[in-house]
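**Student:** Letter by letter, the chains look like this.
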Amino acid sequence: MGHSYEKSKKDATKFILILAAITLLEVFVALTGKGHLFGGKFMFPGFALAGIMIIMSLYKAYLIVYEFMHMKYEVPALVKTVLLPTLLLVWAVIAFFAEGRDWQKRRDLITDKNNIEVDDPVIIRNSQTGMSEDTKVIKTQG
Amino acid sequence: MADTLTHHAPEVEEKLWEGGKSPFKVSYGKLMMWYFLLSDAFTFAGFLIAYGTLRSSMPSWPVPDFVFSIFPGGFHDTPLYFVTVMTFILLFSSFTMVRAVQEGHRENKNGVIFWMVLTILGGIAFLGSQAWEWTTLIKGEHVSVTTNPFGTHTESGIYLEGDGHNINEGDTFEAGDPYLIHQHNGEWAPLKYKVLEGKDQGETKVQSFGPKAFGALFFFITGFHGFHVFSGVIFLIIICVNVATGLYVERKNGYEMVEKIGLYWHFVDLVWVFVFLVFYLI
Numbered sequence: 001m002g003h004s005y006e007k008s009k010k011d012a013t014k015f016i017l018i019l020a021a022i023t024l025l026e027v028f029v030a031l032t033g034k035g036h037l038f039g040g041k042f043m044f045p046g047f048a049l050a051g052i053m054i055i056m057s058l059y060k061a062y063l064i065v066y067e068f069m070h071m072k073y074e075v076p077a078l079v080k081t082v083l084l085p086t087l088l089l090v091w092a093v094i095a096f097f098a099e100g101r102d103w104q105k106r107r108d109l110i111t112d113k114n115n116i117e118v119d120d121p122v123i124i125r126n127s128q129t130g131m132s133e134d135t136k137v138i139k140t141q142g
Numbered sequence: 143m144a145d146t147l148t149h150h151a152p153e154v155e156e157k158l159w160e161g162g163k164s165p166f167k168v169s170y171g172k173l174m175m176w177y178f179l180l181s182d183a184f185t186f187a188g189f190l191i192a193y194g195t196l197r198s199s200m201p202s203w204p205v206p207d208f209v210f211s212i213f214p215g216g217f218h219d220t221p222l223y224f225v226t227v228m229t230f231i232l233l234f235s236s237f238t239m240v241r242a243v244q245e246g247h248r249e250n251k252n253g254v255i256f257w258m259v260l261t262i263l264g265g266i267a268f269l270g271s272q273a274w275e276w277t278t279l280i281k282g283e284h285v286s287v288t289t290n291p292f293g294t295h296t297e298s299g300i301y302l303e304g305d306g307h308n309i310n311e312g313d314t315f316e317a318g319d320p321y322l323i324h325q326h327n328g329e330w331a332p333l334k335y336k337v338l339e340g341k342d343q344g345e346t347k348v349q350s351f352g353p354k355a356f357g358a359l360f361f362f363i364t365g366f367h368g369f370h371v372f373s374g375v376i377f378l379i380i381i382c383v384n385v386a387t388g389l390y391v392e393r394k395n396g397y398e399m400v401e402k403i404g405l406y407w408h409f410v411d412l413v414w415v416f417v418f419l420v421f422y423l424i
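Chains S and X, in that order, are what the protein sequence lines are.
By the count of this note's numbering, the first sequence reaches residue 142 at its end, each step adding exactly one.
By the count of this note's numbering, the second sequence reaches residue 424 at its end, each step adding exactly one.
Please keep in mind that the hints were generated in silico from the structure rather than gathered at the bench.
The structure presented is a predicted model; accordingly, all values stated were derived computationally and were not measured.
Glycine included, C-beta positions come from ideal geometry on N, C-alpha and C.
Among these hints, one or two may not hold up.
Taking lysine-lysine and the DSSO-like style, the derived pairs with C-alpha atoms no more than 27 Å apart in a straight line are [as the list claims (entries may be wrong)]: (1) S:Lys10 x X:Lys172; (2) S:Lys10 x X:Lys394; (3) S:Lys72 x X:Lys251; (4) X:Lys402 x S:Lys7; (5) X:Lys157 x S:Lys72; (6) S:Lys14 x X:Lys172; (7) S:Lys80 x X:Lys167; (8) S:Lys9 x X:Lys172; (9) X:Lys341 x S:Lys105.
Computed spacing ranges between beta-carbons, pair by pair [claimed, not checked]: (10) X:Gln343 x S:Gly130: 39 to 49 Å; (11) S:Met43 x X:Asp313: 17 to 27 Å; (12) X:Asn252 x S:Tyr73: 18 to 28 Å; (13) X:Thr185 x S:Lys80: 18 to 28 Å; (14) X:Met174 x S:Asp11: 18 to 28 Å; (15) X:Thr185 x S:Ala77: 20 to 30 Å; (16) S:Lys41 x X:Ile380: 50 to 60 Å; (17) X:Ile280 x S:Arg125: 43 to 53 Å; (18) X:Leu338 x S:Gly35: 17 to 27 Å.
Can you make the complete structure from the sequences, with help from the hints?
**Tutor:** Structure follows, in structure tokens:
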């Protein structure tokens with residue numbers, strides 16, 4: 001493997017301590033940002049919180065894959081075949097989250113339209129059944 | 143024949159893709175483990191992206207530090223403490239796994255067994271913690287795949303009745319404050335409140351249930367991860383028994399099987415980093 005046993009033993013301890021420290025920092029930042037610590041004096045907006053958390057999590061992921069899973073000792077071609085496909089997920093996240101927000105907008109639009117009050121609607125009724133010809137067609141006078 | 147081989151030796155080194163030699167300098171088994179993990183990463187990503195999409199499509203979402211705020215032993219108002227403990231258990235088991243692989247590289251059988259047993263115990267402790275968390279949600283708070291009693295207020299108001307837990311009549315709340323609808327004698331008991339601000343000011347309303355997808359997403363995603371941990375524990379036990387019987391001593395490949403299950407185990411930890419991110423931190 002090209003690295004001594006003693007060295008790798010030290011590395012394992014070093015990286016687990018870094019991972020633990022980042023995890024504690026993440027929880028600390030999350031609780032501070034959401035106002036659970038310091039009496040809510042240092043709250044900050046959700047998107048900033050999410051950004052910090054995502055960066056810290058990606059760094060944790062890097063440490064696990066490169067140090068614990070020994071990705072840094074694999075040949076470059078193998079690293080590329082495993083890591084490059086995951087870049088597709090970057091687009092998937094952007095596209096699907098944008099879609100999600102659009103669903104919300106459309107739902108709001110429908111709710112708004114349902115709440116529009118129409119003055120004295122005239123509903124065309126079928127002369128035989130007395131039922132509305134088409135409940136969707138509501139005409140307003142004038 | 144030997145002469146020809148010697149003569150062509152430098153060219154053989156360059157023609158990595160002509161068979162007989164791994165261009166990636168790894169065994170077939172290890173390479174396939176990497177590709178399995180890649181495909182598994184896409185499965186988890188699909189789940190987590192579905193969670194993000196549905197969450198971003200809702201005007202409000204259960205507040206994680208309110209939903210996950212109970213600690214074993216009857217402690218309340220301990221936001222994210224328990225899940226932090228769970229994260230540490232899994233991280234520690236990843237460390238013991240690394241140590242098992244390292245002992246394998248220097249063919250130290252007893253060392254491999256010692257660190258693998260600790261890894262197995264870590265995995266079991268994590269599963270136990272998850273079982274406790276699920277039990278709290280299902281039995282205590284009555285969350286199910288189709289029902290989500292965790293809601294978030296979208297307008298400020300004043301409660302017209304108490305729930306006998308921590309809300310009293312006359313308590314006020316702001317938009318964004320989370321709430322949990324309790325059950326009384328098996329019946330849902332959402333509280334009445336009066337809206338204090340906004341376009342519905344003065345109206346009396348009843349607490350509504352939170353986004354329905356929350357329960358299904360939570361149970362399916364943490365359940366799928368927990369199932370990975372469970373299968374990991376089973377494989378660790380099988381391989382640990384094989385180590386103990388001396389099967390891998392004969393193979394003389396530096397306990398490569400331990401390395402392969404190690405890759406899988408670290409991947410389970412890796413996925414937890416992202417489950418922890420999207421379900422608890424954000």
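**Student:** What hints, given by number in increasing order, does this structure fail?
**Tutor:** none
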